[in-house]
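Make the full structure from the sequences, and use the hints.
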Amino acid sequence: MRAPLLGLSCALFSLPLAAATLSGRGHLEDGYHHDTTGASSSGHRVEALLESRISQGNWTLDSVLLGRYRSQYDDAGGKLEERMESDQDLRELYLTWAGDDWQWRLGQQQIAWGRGDYFRLVDVLNPLDLREFLLPYIDDYSLGRQTRPMAVVEVYGDSLEQQFVVAPRAKTTRYAPAGADFAIAGRPEGLPEDDEHERPDIGWRGKMLVDGTDLDFYLFDGLSPDPLYVVEEGRLVEQQRRRSLVGASFARPAGDWVVRGDLVHLFNEPLQTPEGADNVPKSAALLGLDLTRNEWTVNLQATVSHRHGAPDSLSRETGWEASAALLKDWSKQRLNAGVLWLYNREVQSSHLVKANLGYRPWNQWYLEAGYIAFSGGQTSQYGQFDNRDRLYLQVRRDFSL
Amino acid sequence: MRISLLALGLLLSLPALAEALDPAAIMRAVRDRDEGQDRRSEVTLVQTMADGFVRERKLLMLEKEYGEERKATLYFTAPSDTAGTGILMHSYAEAQAREDDQWLYLPALRKTRRIATNSKEGPFLGTDFSFADIERMRVDDYQYRLLREEEYKGRPVYVIEARTADGLENPRTGYSQRLVYVDRERQLILRDEFFRGGRQIKTFEVVDVSQVEGFWTVNESLMSNLVEGGQTRLLRTAADYNLDLGDQNFSERALRNGIR
Chain L
1 MRAPLLGLSC
11 ALFSLPLAAA
21 TLSGRGHLED
31 GYHHDTTGAS
41 SSGHRVEALL
51 ESRISQGNWT
61 LDSVLLGRYR
71 SQYDDAGGKL
81 EERMESDQDL
91 RELYLTWAGD
101 DWQWRLGQQQ
111 IAWGRGDYFR
121 LVDVLNPLDL
131 REFLLPYIDD
141 YSLGRQTRPM
151 AVVEVYGDSL
161 EQQFVVAPRA
171 KTTRYAPAGA
181 DFAIAGRPEG
191 LPEDDEHERP
201 DIGWRGKMLV
211 DGTDLDFYLF
221 DGLSPDPLYV
231 VEEGRLVEQQ
241 RRRSLVGASF
251 ARPAGDWVVR
261 GDLVHLFNEP
271 LQTPEGADNV
281 PKSAALLGLD
291 LTRNEWTVNL
301 QATVSHRHGA
311 PDSLSRETGW
321 EASAALLKDW
331 SKQRLNAGVL
341 WLYNREVQSS
351 HLVKANLGYR
361 PWNQWYLEAG
371 YIAFSGGQTS
381 QYGQFDNRDR
391 LYLQVRRDFS
401 L
Chain A
1 MRISLLALGL
11 LLSLPALAEA
21 LDPAAIMRAV
31 RDRDEGQDRR
41 SEVTLVQTMA
51 DGFVRERKLL
61 MLEKEYGEER
71 KATLYFTAPS
81 DTAGTGILMH
91 SYAEAQARED
101 DQWLYLPALR
111 KTRRIATNSK
121 EGPFLGTDFS
131 FADIERMRVD
141 DYQYRLLREE
151 EYKGRPVYVI
161 EARTADGLEN
171 PRTGYSQRLV
181 YVDRERQLIL
191 RDEFFRGGRQ
201 IKTFEVVDVS
211 QVEGFWTVNE
221 SLMSNLVEGG
231 QTRLLRTAAD
241 YNLDLGDQNF
251 SERALRNGIR
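Sequence lines, in order, name chains L and A.
Sequence positions in the first sequence follow the working numbering and run 1 to 401.
Sequence positions in the second sequence follow the working numbering and run 1 to 260.
Source of the hints: derived by calculation from the structure; they are not laboratory data.
These numbers come from a predicted model, not from an experiment.
Warning: the hint list may mix true and false statements.
From chain A, some residues computed to sit far from chain L (all C-beta separations above 12 Å) [claimed, not checked]:
{"hint": "1", "residue": "A25"}
{"hint": "2", "residue": "D32"}
{"hint": "3", "residue": "L146"}
{"hint": "4", "residue": "E213"}
{"hint": "5", "residue": "D240"}
Straight-line C-alpha distance at most 25 Å; calculated SDA-like pairs for lysine to any residue [as the list claims (entries may be wrong)]:
{"hint": "6", "chain 1": "L", "residue 1": "K328", "chain 2": "A", "residue 2": "G229"}
{"hint": "7", "chain 1": "L", "residue 1": "K207", "chain 2": "A", "residue 2": "G246"}
{"hint": "8", "chain 1": "A", "residue 1": "K58", "chain 2": "L", "residue 2": "Y366"}
Have a look at the derived ranges for each label pair, beta carbon to beta carbon [to be verified]:
{"hint": "9", "chain 1": "A", "residue 1": "Y66", "chain 2": "L", "residue 2": "H44", "range": "50 to 58 Å"}
{"hint": "10", "chain 1": "L", "residue 1": "S71", "chain 2": "A", "residue 2": "E65", "range": "54 to 62 Å"}
{"hint": "11", "chain 1": "L", "residue 1": "D221", "chain 2": "A", "residue 2": "Y66", "range": "34 to 42 Å"}
{"hint": "12", "chain 1": "A", "residue 1": "D247", "chain 2": "L", "residue 2": "L219", "range": "20 to 28 Å"}
{"hint": "13", "chain 1": "L", "residue 1": "H308", "chain 2": "A", "residue 2": "Y66", "range": "45 to 53 Å"}
{"hint": "14", "chain 1": "L", "residue 1": "A355", "chain 2": "A", "residue 2": "E169", "range": "30 to 38 Å"}
{"hint": "15", "chain 1": "L", "residue 1": "V153", "chain 2": "A", "residue 2": "R33", "range": "36 to 44 Å"}
{"hint": "16", "chain 1": "A", "residue 1": "Q211", "chain 2": "L", "residue 2": "L28", "range": "42 to 50 Å"}
Heads up, the beta-carbon is just placed ideally off N, CA and C, and yes, glycines get one too.
Below, the structure is given as C-alpha cells:
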C-alpha cells in the first residue's frame with residue numbers, strides 16, 4: 001500500500017495546486033444498540049468519515065478517510081479487541097485523469113458492478129467487511145466493501161462504454177473474529193495460507209443503451225474472496241482459489257416501475273464441501289422491481305442460484321434469496337419510515353427484518369431508531385444470528401468543508 | 001371596390017391572426033423558445049416549509065439541445081448529505097411520444113440507478129417542484145383556451161387555460177388544469193396556477209428576469225404549495241450560454257465524476 005500512496009502523493013503535489021479546487025464533506029455518527037436477547041452486550045458505535053476531492057483541469061484526486069470505535073469491545077482483550085474495538089482507514093485514495101474519449105483511475109478504490117441491491121451477483125471486485133454483518137451499511141455498501149489498489153481504464157465509444165480493471169493485490173472477505181457478535185460459528189481462524197497469487201484479478205465491463213434499456217456485460221477472472229479450508233500435508237490451511245465469470249445486467253422503465261436484473265455464470269466457483277474443497281460451475285439470476293411514487297418507494301428482488309454437478313455430499317444444489325423494502329417519506333423528506341426483509345434459503349430458510357424510523361430535526365442532523373431481528377435455522381445465513389436481535393438509536397451530523 | 005379590397009385584406013389576415021392567437025401555438029413557442037445551444041447554470045433551491053423549517057440545496061445544471069431532443073445533467077454540490085448526487089435526463093421530441101430517460105447517481109452506493117419517468121407528479125427531491133415541473137414542457141398534455149390578454153406585473157401577457165382532454169388528472173403530471181400567464185414578447189411563463197380536481201394546489205411565479213448574453217433568463221422563481229403550505233424559491237445565481245459543452249457532460253460518467 002505504501003508504494004501506491006507515495007506515487008499518488010507525488011502526483012498530487014505535481015498538480016499546479018494554485019489553480020486547483022478543493023471540496024470536502026463527511027459525517028460524525030453515534031449509534032447505540034441494545035441487545036434484546038441478553039446474549040450479547042450493548043454499546044455505542046462511533047463513526048467519523050471525511051471525503052475530499054481536489055480537481056484541476058482533467059485531474060482529480062479523491063480520498064475517503066474512515067474511523068470507527070465500538071465501545072462493546074472495550075477491554076475485550078486479544079484479537080477480539082484488536083480487530084473490533086477501533087480502526088482508522090484511508091479507505092480510498094485514487095487519481096483520475098478524464099479526457100473526452102477515455103479516462104483512467106489509479107489507486108485504492110472500489111467498483112460496484114451489477115444492478116442488484118443487497119445481493120452481489122456480479123459485484124465481485126471488492127470483498128466485503130462482514131465484521132458487523134453489514135448492518136451499519138445495509139443501505140450504503142460503499143462503506144461495506146473493502147477497497148483495494150486498482151488500475152481502471154474507461155474508453156467511451158459512440159454506443160459502447162468499456163471499462164478495463166486490473167487489481168494486483170487480492171483480499172479476502174473480512175470476517176468477525178471469535179467472540180464478536182457476528183462471528184461465524186466453527187470458522188477456523190489463524191490458519192496458514194496456501195496461496196500463490198501469481199496473476200492479478202482482471203475485469204472488463206461493456207455498457208450500452210439499446211432502445212431505452214441499459215445493458216451491461218461483464219468478464220472477470222480473479223480470486224474468490226471467500227477462503228476455503230483444506231487439509232494439506234496433514235494440516236488445515238486456508239486457500240483462495242481463482243474463479244472466472246461471465247455476466248450481464250439490464251435495467252429499463254416499464255410504466256411506473258423499473259425492471260432490472262443480473263445474470264451470471266461462474267465457470268469454476270470454489271466451493272467448500274464436507275470432504276474439503278471443490279470447484280463447480282454455478283449460475284445465478286436476479287430480478288428486481290422498483291417503484292417510486294408519491295413519496296413511497298418499493299423495492300422487490302428475487303434471486304436463484306444453481307450449482308451444476310455439485311458433489312452428492314451437498315444436500316442442496318439450488319439456493320433462493322429475496323428481498324422486499326418499503327420506504328415512506330413524509331413532511332418533505334424530513335420524516336421517513338422503512339421496512340426491509342431479506343430472505344435466504346439454502347438448506348434451511350432464514351430471515352432478517354429491519355424496521356426503522358428516521359427524522360431530520362435540523363439541517364444536516366439525522367436521527368434514526370430501529371429494530372433488527374434474525375430468524376431461521378442455526379446453520380442458515382441469518383438464523384445463525386438469531387440471538388443478535390437488537391434495538392438501535394443513532395444520531396448523525398453531516399458537514400462540509 | 002375599395003370595400004371589397006378591404007374585406008379581402010381582412011380575410012387574408014385572419015388566418016395569420018388566428019395562428020398568432022392559437023393558444024397551443026403560443027405554448028409551443030414557449031416550449032421552443034431560444035435558450036441557446038447549451039447552457040450552464042448554478043442554482044439554489046431554498047425550501048421553506050409550513051412550520052418555518054428552511055432547507056437549502058445547491059446544484060450545477062448543464063443543458064444541451066440535440067435538435068428537438070434535450071439532455072440535462074444536474075449535480076448537487078450542497079448540502080453535504082446531498083452533495084455528489086447527480087441526475088441525468090434525456091428528453092425526446094414531443095412528437096415521438098416517448099417518456100424521458102432518467103438516471104440517478106447515488107454516491108453512497110457508487111452506482112447509477114435507472115428512474116421510471118412515467119409518473120412525474122412526485123416531489124423533486126422533497127421540494128415543492130415536482131419532476132413534471134422541471135421537465136421540458138409537453139404541449140400535448142392539455143387542450144388550451146386563450147382567456148384574455150392583460151398586463152401582469154407590468155408585462156403584456158396571454159392568460160391561457162389548459163385542461164386535460166377528459167377533465168381528469170393527467171396521470172403523468174398529476175394536474176387536471178392550469179392557468180398560464182405567458183409573456184407575449186418574451187415567450188416566458190410568468191405565472192402558472194396548477195389545479196387538481198378543480199382545486200388550486202400550487203402556484204408558480206417568476207420573480208426576476210433579465211437578459212443574459214441575449215437570452216431571457218429567469219433568475220428567481222417561486223413555487224407555493226397551497227395544500228401543505230410552504231414554498232420553494234429557485235434562484236439561478238449564474239447562467240452562461242453557448243459554451244460548446246461536450247457530450248461527455250451528459251453521460252453517466254459525468255454523474256460519477258461530477259461536473260464543474
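Hint-by-hint comparison with the structure:
Look at A25(A): its CB is around 30 Å from the nearest CB on chain L, clear of 12 Å, so calling it non-interface holds up. Here D32(A) stays apart from chain L, with its beta-carbon at least about 24 Å from theirs, past the 12 Å limit. Here L146(A) stays apart from chain L, with its beta-carbon at least about 33 Å from theirs, past the 12 Å limit. Every beta carbon of chain L lies more than 12 Å from that of E213(A), the smallest distance being close to 24 Å; the non-interface claim holds.
Distance check on D240(A): its Cβ is at least 17 Å (rounded) from any Cβ of chain L, clearing the 12 Å threshold; non-interface status holds. Taken as a hint, the K328(L) and G229(A) pair is honoured in the structure, with Cα atoms around 20 Å apart against an allowance of 25 Å. Our distance criterion of 25 Å between C-alpha atoms is met by K207(L) and G246(A), whose separation comes to about 20 Å. Between the alpha carbons of K58(A) and Y366(L) the distance comes to roughly 19 Å, so the proposed pair stays at or under 25 Å and holds.
At roughly 53 Å, the beta carbons of Y66(A) and H44(L) sit within the given window of 50 to 58 Å. In this structure, S71(L) and E65(A) meet the distance hint of 54 to 62 Å, their C-beta atoms being roughly 57 Å apart. Our hint of 34 to 42 Å for D221(L) and Y66(A) holds, since their Cβ atoms are close to 39 Å apart. Range check, D247(A) to L219(L): Cβ separation about 27 Å, and the 20 to 28 Å hint holds.
Our hint of 45 to 53 Å for H308(L) and Y66(A) holds, since their Cβ atoms are close to 47 Å apart. Taking 30 to 38 Å as the suggested C-beta distance range, the pair A355(L) and E169(A) conforms, at roughly 33 Å. With their beta carbons about 42 Å apart, V153(L) and R33(A) fall inside the hinted range of 36 to 44 Å. Separation of Q211(A) from L28(L) is about 46 Å and conforms to the stated range, judged on CB atoms against 42 to 50 Å.
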